[in-house]
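Residues in the sequence shown are numbered from 1 upward in steps of one, following UniProt numbering.
Rather than coming from a laboratory, the hints here were simulated on the basis of the structure.
Treat the hints with care, since some could be wrong.
The calculated BS3-like cross-link candidates involving lysine-lysine, where the alpha carbons are at most 30 Å apart (straight line), are [claimed, not checked]:
| id | residue 1 | residue 2 |
| --- | --- | --- |
| 1 | 49 | 102 |
| 2 | 90 | 117 |
| 3 | 40 | 72 |
| 4 | 49 | 72 |
| 5 | 40 | 153 |
| 6 | 169 | 40 |
| 7 | 153 | 117 |
| 8 | 116 | 90 |
| 9 | 158 | 90 |
| 10 | 102 | 72 |
| 11 | 90 | 124 |
| 12 | 97 | 72 |
| 13 | 158 | 49 |
| 14 | 49 | 169 |
| 15 | 116 | 158 |
| 16 | 102 | 158 |
| 17 | 90 | 47 |
| 18 | 47 | 153 |
| 19 | 102 | 47 |
| 20 | 97 | 117 |
| 21 | 72 | 153 |
| 22 | 49 | 124 |
| 23 | 117 | 72 |
| 24 | 49 | 117 |
| 25 | 124 | 153 |
| 26 | 102 | 117 |
| 27 | 158 | 47 |
| 28 | 49 | 116 |
| 29 | 153 | 169 |
| 30 | 124 | 102 |
| 31 | 72 | 116 |
| 32 | 49 | 90 |
| 33 | 47 | 169 |
| 34 | 158 | 169 |
| 35 | 102 | 153 |
| 36 | 47 | 72 |
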Amino acid sequence: MTIQTTRIHTPLGDMVAGAVDSGICLLEFHDRRMLPTQEKRITSLLKSKLQEGHHPHFDTLRNQLAEYFEQKRTQFDVPITYPGSAFQQKVWQSLLKIPYGKVHSYAQQSELLGDKKAIRAMAKANGDNRLAILIPCHRVIGSDGSLVGYGGKLWRKKALLELEGALPKTPELFA
Numbered sequence: 001m002t003i004q005t006t007r008i009h010t011p012l013g014d015m016v017a018g019a020v021d022s023g024i025c026l027l028e029f030h031d032r033r034m035l036p037t038q039e040k041r042i043t044s045l046l047k048s049k050l051q052e053g054h055h056p057h058f059d060t061l062r063n064q065l066a067e068y069f070e071q072k073r074t075q076f077d078v079p080i081t082y083p084g085s086a087f088q089q090k091v092w093q094s095l096l097k098i099p100y101g102k103v104h105s106y107a108q109q110s111e112l113l114g115d116k117k118a119i120r121a122m123a124k125a126n127g128d129n130r131l132a133i134l135i136p137c138h139r140v141i142g143s144d145g146s147l148v149g150y151g152g153k154l155w156r157k158k159a160l161l162e163l164e165g166a167l168p169k170t171p172e173l174f175a
């Protein structure tokens, strides 16, 4: 199997997307420090190689991301695939349940997973998310309300939360 890859332009910078027939399997900001590691993990998990090219899922993804950044979309229905451990899958499923415009703390997320002491493990799985924006790990913040732990850079996390109305909007970010 081959993972088709492409670049997608967004108001917050270019993103690298990967797709297989079952769905989008990679969506990361191009300058994420962990991008090469994430690419290596996804190729290993899917027993595939990366190849730049076109996949029909990219058209849907581009359209839905554009609608999201125009504040015309609050949920994504582009098919996604996110292989990982059973625990990672559980964490990523819980992230998908955080509503648009809302935030949860890492402590709240670990409680929802049924283990208040699993904060570090949950935070690590959160950081291993390879589908930025689609699996909204940016909606998880520190218990004190601080913006922490976002591989796509904290300024982007702030911008995404402002876009969604979870934080007061800074006008110049989306001018």
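Evaluated hints:
no.: 1; hint: 49 with 102; in the structure: 36 Å, violated
no.: 2; hint: 90 with 117; in the structure: 15 Å, holds
no.: 3; hint: 40 with 72; in the structure: 34 Å, violated
no.: 4; hint: 49 with 72; in the structure: 34 Å, violated
no.: 5; hint: 40 with 153; in the structure: 21 Å, holds
no.: 6; hint: 169 with 40; in the structure: 36 Å, violated
no.: 7; hint: 153 with 117; in the structure: 26 Å, holds
no.: 8; hint: 116 with 90; in the structure: 15 Å, holds
no.: 9; hint: 158 with 90; in the structure: 25 Å, holds
no.: 10; hint: 102 with 72; in the structure: 17 Å, holds
no.: 11; hint: 90 with 124; in the structure: 13 Å, holds
no.: 12; hint: 97 with 72; in the structure: 19 Å, holds
no.: 13; hint: 158 with 49; in the structure: 33 Å, violated
no.: 14; hint: 49 with 169; in the structure: 40 Å, violated
no.: 15; hint: 116 with 158; in the structure: 26 Å, holds
no.: 16; hint: 102 with 158; in the structure: 13 Å, holds
no.: 17; hint: 90 with 47; in the structure: 22 Å, holds
no.: 18; hint: 47 with 153; in the structure: 29 Å, holds
no.: 19; hint: 102 with 47; in the structure: 36 Å, violated
no.: 20; hint: 97 with 117; in the structure: 20 Å, holds
no.: 21; hint: 72 with 153; in the structure: 24 Å, holds
no.: 22; hint: 49 with 124; in the structure: 25 Å, holds
no.: 23; hint: 117 with 72; in the structure: 38 Å, violated
no.: 24; hint: 49 with 117; in the structure: 37 Å, violated
no.: 25; hint: 124 with 153; in the structure: 16 Å, holds
no.: 26; hint: 102 with 117; in the structure: 23 Å, holds
no.: 27; hint: 158 with 47; in the structure: 35 Å, violated
no.: 28; hint: 49 with 116; in the structure: 38 Å, violated
no.: 29; hint: 153 with 169; in the structure: 18 Å, holds
no.: 30; hint: 124 with 102; in the structure: 21 Å, holds
no.: 31; hint: 72 with 116; in the structure: 35 Å, violated
no.: 32; hint: 49 with 90; in the structure: 26 Å, holds
no.: 33; hint: 47 with 169; in the structure: 42 Å, violated
no.: 34; hint: 158 with 169; in the structure: 9 Å, holds
no.: 35; hint: 102 with 153; in the structure: 19 Å, holds
no.: 36; hint: 47 with 72; in the structure: 36 Å, violated
Consistency with the previously given hints fails for numbers 1, 3, 4, 6, 13, 14, 19, 23, 24, 27, 28, 31, 33 and 36, ordered from lowest to highest.
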